[in-house]
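We have chain A already, so just place chain E on it with the hints.
2 protein chains.
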Amino acid sequence: MTITIIGIGLIGGSMALSLKEKGLVQRVIGVDNNAAHAHQAITLGLVDECATLEKAIDESDIILLATPIGAAEKLLPIILDRVTKQVVFDVGSTKHSICTSIAHHPNRKRFVATHPMWGTENSGPAAAIKNAFIKKATVICSKEESDVDAVALIEKIYGLLQMHILYMDAASHDMHVAYVSHISHITSFALANTVLEKEREEDTIFELASGGFESTVRLAKSNADMWVPIFMQNRDNVLDVLNEHIAQLRKFKACLEKENYTFLQELIENANGIRRILKN
Amino acid sequence: MTITIIGIGLIGGSMALSLKEKGLVQRVIGVDNNAAHAHQAITLGLVDECATLEKAIDESDIILLATPIGAAEKLLPIILDRVTKQVVFDVGSTKHSICTSIAHHPNRKRFVATHPMWGTENSGPAAAIKNAFIKKATVICSKEESDVDAVALIEKIYGLLQMHILYMDAASHDMHVAYVSHISHITSFALANTVLEKEREEDTIFELASGGFESTVRLAKSNADMWVPIFMQNRDNVLDVLNEHIAQLRKFKACLEKENYTFLQELIENANGIRRILKN
Numbered sequence: 033m034t035i036t037i038i039g040i041g042l043i044g045g046s047m048a049l050s051l052k053e054k055g056l057v058q059r060v061i062g063v064d065n066n067a068a069h070a071h072q073a074i075t076l077g078l079v080d081e082c083a084t085l086e087k088a089i090d091e092s093d094i095i096l097l098a099t100p101i102g103a104a105e106k107l108l109p110i111i112l113d114r115v116t117k118q119v120v121f122d123v124g125s126t127k128h129s130i131c132t133s134i135a136h137h138p139n140r141k142r143f144v145a146t147h148p149m150w151g152t153e154n155s156g157p158a159a160a161i162k163n164a165f166i167k168k169a170t171v172i173c174s175k176e177e178s179d180v181d182a183v184a185l186i187e188k189i190y191g192l193l194q195m196h197i198l199y200m201d202a203a204s205h206d207m208h209v210a211y212v213s214h215i216s217h218i219t220s221f222a223l224a225n226t227v228l229e230k231e232r233e234e235d236t237i238f239e240l241a242s243g244g245f246e247s248t249v250r251l252a253k254s255n256a257d258m259w260v261p262i263f264m265q266n267r268d269n270v271l272d273v274l275n276e277h278i279a280q281l282r283k284f285k286a287c288l289e290k291e292n293y294t295f296l297q298e299l300i301e302n303a304n305g306i307r308r309i310l311k312n
Numbered sequence: 033m034t035i036t037i038i039g040i041g042l043i044g045g046s047m048a049l050s051l052k053e054k055g056l057v058q059r060v061i062g063v064d065n066n067a068a069h070a071h072q073a074i075t076l077g078l079v080d081e082c083a084t085l086e087k088a089i090d091e092s093d094i095i096l097l098a099t100p101i102g103a104a105e106k107l108l109p110i111i112l113d114r115v116t117k118q119v120v121f122d123v124g125s126t127k128h129s130i131c132t133s134i135a136h137h138p139n140r141k142r143f144v145a146t147h148p149m150w151g152t153e154n155s156g157p158a159a160a161i162k163n164a165f166i167k168k169a170t171v172i173c174s175k176e177e178s179d180v181d182a183v184a185l186i187e188k189i190y191g192l193l194q195m196h197i198l199y200m201d202a203a204s205h206d207m208h209v210a211y212v213s214h215i216s217h218i219t220s221f222a223l224a225n226t227v228l229e230k231e232r233e234e235d236t237i238f239e240l241a242s243g244g245f246e247s248t249v250r251l252a253k254s255n256a257d258m259w260v261p262i263f264m265q266n267r268d269n270v271l272d273v274l275n276e277h278i279a280q281l282r283k284f285k286a287c288l289e290k291e292n293y294t295f296l297q298e299l300i301e302n303a304n305g306i307r308r309i310l311k312n
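Protein chains in written order, with the numbering used here: chain A, 33 to 312; chain E, 33 to 312.
Everything labelled a hint here was simulated from the structure, so no lab data went into it. Take these hints with a grain of salt, some might be off.
As a list, the in silico DSS-like pairs of lysine-lysine whose alpha-carbon atoms are at most 27 Å apart [claimed, not checked]:
1) K253/E with K167/A
2) K283/E with K253/A
3) K230/E with K285/E
4) K253/E with K285/A
5) K285/E with K285/A
6) K253/A with K106/E
7) K106/E with K230/A
8) K290/E with K283/A
9) K230/A with K283/E
10) K230/E with K290/A
11) K168/E with K230/A
12) K168/A with K253/E
13) K54/E with K290/A
14) K253/A with K285/E
15) K230/E with K285/A
One chain only, chain A, in its complex shape (with noise of 0.2 Å):
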């Protein structure tokens, strides 16, 4: 099979590589609007070749669309107009918004919404790896809404990959993420500006950041222009649960402005609760 790779980045370099090496398809075909990244993927063998949409859809049995979740969003339509039997899926971080969008496209059944839930902080061509996604989750949102053989494609599509699959209707997935990555991202882009705004002698962290702060802060490096998107299409379950951090932060604060140490430790006690949920 030929698939198409919209967007040669992180997530799409990383699926193209696993997927040809799976066997699962012998071409690739790579679409990417900067000219310097469809080139690097060439270079770095992401991609057998790079086209035109038109050329790569019409030529291609499967198309991932792989960009931020803004242009996803514009493309999709477009991409939909012109298949035919062709599977189109996307691996965007909210799910929502772009299901709304083609809820009523004739074409609506040949797409499926979906998220693997691996990331690095980084992206780009260069940043794509070989065996990722393994043993990590994704979600394909409202089965019902695509063809039984596009859902079936892309559930063996996520197999090859060694992924968990779980389902779940659109708007549950948008607010499950907001807990367990969005708001993980705002926080650490929140406190790597706390201490470059409050602590100038840089060379000092430098020297003393341990690995407690370099886990903590990774995620600050995220690019803006992915996560923008993000945070404007899943604003309100994100406003909520960084309303609740907020408050949660409050507490602490409140603990330490009383010296109340009694319920500090409570509060840290409670947070030790987490453990139930980490895998590690």
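Using the frame of chain A, we list chain E on its own:
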């Protein structure tokens, strides 16, 4: 030489393992008011024997004070009352309070105040590991207040542990660690509480949680008995950084509320500046 480790947990236990392996000490005496931990430390081979504080001091060349910082501050004058030529050092996460507390002790100069910048979210003897500390930073505070031979021995110890030594006064140390360590723990505790409070579907979080979430909440597993005294002792610095952090989070909140995505993009791009500071 013989070393006494008072408080045989993550740090004390890991240090005992390394110093014996490096051949600096031939005998390790453990002192721990938790009988189960004392027993476990012997079983795990972290210490050769356990003893009372008095006996341990009398038979040692080096005394490592590795309890939570509240206990350390209570024990240090008692230890200094008894030492003659021994060298005493601590590894606590705050330095100003403990240094002030023994500033006028006649044996002050036998004490070296230190803080190795390594740890994990785990605690107790079972958490101790070999080859900890390598290539991490450690701080020696106010070295001019310690005897030259005492500082030289501690420098030798950290050299054997392959740590990079920084020198600063206790007050500066406490301010810097509020930025690079203490605030990370508070944000992580608060983030864990946010998710546990708002997201009742724990199975869903468990399934969806990706590496990014795990890395930002990992520190929330940290032990309350260790951290409450740290926040207590470093209250002013921690409150200062916490206030700034809440102010930074409010900027993200305001961007979302006002749908000011241009400023949101700027906030994220500014946060990306943390790449300058992080080693990896």
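Broken hints, by number: Violated: hints 6, 7, 13.
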